[in-house]
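K.L.:
Starting from the given sequences, assemble the full structure and let the hints guide the process.
Here is what each chain is made of, one letter per residue.
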Amino acid sequence: MTRAKEIKCVVWDLDGTLWDGVLAEMDSVTLKPGVKEVIRTLDARGILHSIASRNDYDDAMHKLTEFGLDGYFLYPRIGWNAKSVAIAKLCSDLNIQTDAIMFIDDDPIERDEVKSEHPDVTCLDASQYNTLPAHPRLNPRFVTEDARQRRLMYLADTKRKQDEDSYEGPKKEFLASLKMQFIISQAKDEDLRRAEELTARTNQLNTTGRTYSYDDLRTFISSPKHRLLVCEMNDKYGSYGKIGLALIEIAEDRFHLRLFLMSCRVMSRGVGTVLLSYIMQEAKKAKKRLKADFRNTGRNRMMHITFAFANFRATESDDSGNIVLENDLSVIQGYPSYIDVQVR
Amino acid sequence: MQPAEKIREFISKNLAVYDEGAVFGDDDNIFALGFVDSPFAIQLICFIEEEFQIKVADDDLDIENFTTVNRVVEFVRGKKGL
Chain A
7 MTRAKEIKCV VWDLDGTLWD GVLAEMDSVT LKPGVKEVIR TLDARGILHS IASRNDYDDA
67 MHKLTEFGLD GYFLYPRIGW NAKSVAIAKL CSDLNIQTDA IMFIDDDPIE RDEVKSEHPD
127 VTCLDASQYN TLPAHPRLNP RFVTEDARQR RLMYLADTKR KQDEDSYEGP KKEFLASLKM
187 QFIISQAKDE DLRRAEELTA RTNQLNTTGR TYSYDDLRTF ISSPKHRLLV CEMNDKYGSY
247 GKIGLALIEI AEDRFHLRLF LMSCRVMSRG VGTVLLSYIM QEAKKAKKRL KADFRNTGRN
307 RMMHITFAFA NFRATESDDS GNIVLENDLS VIQGYPSYID VQVR
Chain B
1213 MQPAEKIREF ISKNLAVYDE GAVFGDDDNI FALGFVDSPF AIQLICFIEE EFQIKVADDD
1273 LDIENFTTVN RVVEFVRGKK GL
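Chains as they are written, first to last, in the working numbering: chain A, 7 to 350; chain B, 1213 to 1294.
There could be a bad hint or two in this list.
Ranges of calculated distance between the beta carbons of each label pair, as one might list FRET restraints [what the hints assert, rightly or not]:
#1 B:Arg1289 <-> A:Ser343: 33 to 43 Å
#2 B:Asp1238 <-> A:Ser229: 44 to 54 Å
#3 A:Ser229 <-> B:Met1213: 52 to 62 Å
#4 A:Lys95 <-> B:Asp1231: 37 to 47 Å
#5 B:Glu1286 <-> A:His141: 49 to 59 Å
#6 B:Asp1274 <-> A:Asp346: 27 to 37 Å
#7 B:Asp1272 <-> A:Glu322: 14 to 24 Å
#8 B:Arg1289 <-> A:Asp221: 46 to 56 Å
#9 B:Asp1272 <-> A:Asp346: 31 to 41 Å
Think of the hints as simulated: they come from the structure by calculation, not from any bench. For glycine and all other residues, C-beta sits at the position ideal for the given N, C-alpha and C.
P.N.:
Spelled out as structure tokens, the structure:
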């Protein structure tokens, strides 16, 4: 069941694509009919928008503001660089992979240039813009509250990053200034759509890369043999939403961590280690052993490192990259003072 | 700079240590020094790989290799066959 990955961001060219005409050459350009609705529709589904355009930055942004569209585009790249470079930079800013990008441009030379550098990017001719809402990879099965808020969360995060970059004191002091709250709770029915979405969207901070459907997850929350934990985080800039998930299978003698993932949104905050500590404490309290699955997906080395530094050791492995790790629970790090951890 | 110095400097700069002015020895456990979270762990692995031009393989991902400055130095030496 290899479902094509969902597109997370649509990158728009401007001249001849978003609007008719060439901004630098004429006084007035007009938006393509219906393009605003296309953008709003996708935005409401949690799909992000950005821009890669050869134009003067100020002129183009001014025009977008006039059209009431400026707030919709994250990290717009308007300048004179190659569009493949713009897209590479965007992927790093948004922390997504090139295969989650759709690029729409009226110029076949630009599309070819992007395609030659990033074969995974889906490129579309501008004439296709009206078909976007019906595109299968732009139709997430569910639109969660987290998805609806996605663009705003990215904007809050931009502010966060700017402040972090300009902060000059010790790291711990900065972290303390964020007033982070990390909330761990048993997943409830209303969390499951988002939980499903997390299993589908999270690649880098994901221990196995397994995806679970709403129905699978629903079975787990009513099963006495499983615990499904969901984590939420907020700080003084606002909410990060539901950003972590752990599935624990409870066997006679052990807790077995089948899935453990964190959204990239909180990658730099170290909360994965906090959740692992919590699970280790719970296993110890229940007098059980603690095992965990790991599968090398080629993208999730960070999770392997996270496990290793939390004192997990590989005990079994097979030829297809599946590893079972065990933690002897001899050393469990406490929570850091700069995160307020709440268990509900 | 000697490898041990470089590693010590990296740890003191990047770990959110409990006590900012803390002085620590090459055999002090870094887990006692601050909260060793995954971003730090990842930065440390990248630092070791780039600074000393070695590859940390999956099998090397064992906490024992990284708990003190001296352990990391030993690990790097072993990898470089020194």
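K.L.:
Each hint: holds or not?
P.N.:
A quick look at each hint next to the structure:
{"no.": "1", "hint": "B:Arg1289 <-> A:Ser343: 33 to 43 Å", "verdict": "35 Å, holds"}
{"no.": "2", "hint": "B:Asp1238 <-> A:Ser229: 44 to 54 Å", "verdict": "49 Å, holds"}
{"no.": "3", "hint": "A:Ser229 <-> B:Met1213: 52 to 62 Å", "verdict": "55 Å, holds"}
{"no.": "4", "hint": "A:Lys95 <-> B:Asp1231: 37 to 47 Å", "verdict": "38 Å, holds"}
{"no.": "5", "hint": "B:Glu1286 <-> A:His141: 49 to 59 Å", "verdict": "54 Å, holds"}
{"no.": "6", "hint": "B:Asp1274 <-> A:Asp346: 27 to 37 Å", "verdict": "32 Å, holds"}
{"no.": "7", "hint": "B:Asp1272 <-> A:Glu322: 14 to 24 Å", "verdict": "18 Å, holds"}
{"no.": "8", "hint": "B:Arg1289 <-> A:Asp221: 46 to 56 Å", "verdict": "53 Å, holds"}
{"no.": "9", "hint": "B:Asp1272 <-> A:Asp346: 31 to 41 Å", "verdict": "35 Å, holds"}
Of the numbered hints stated above, none is contradicted by the structure.
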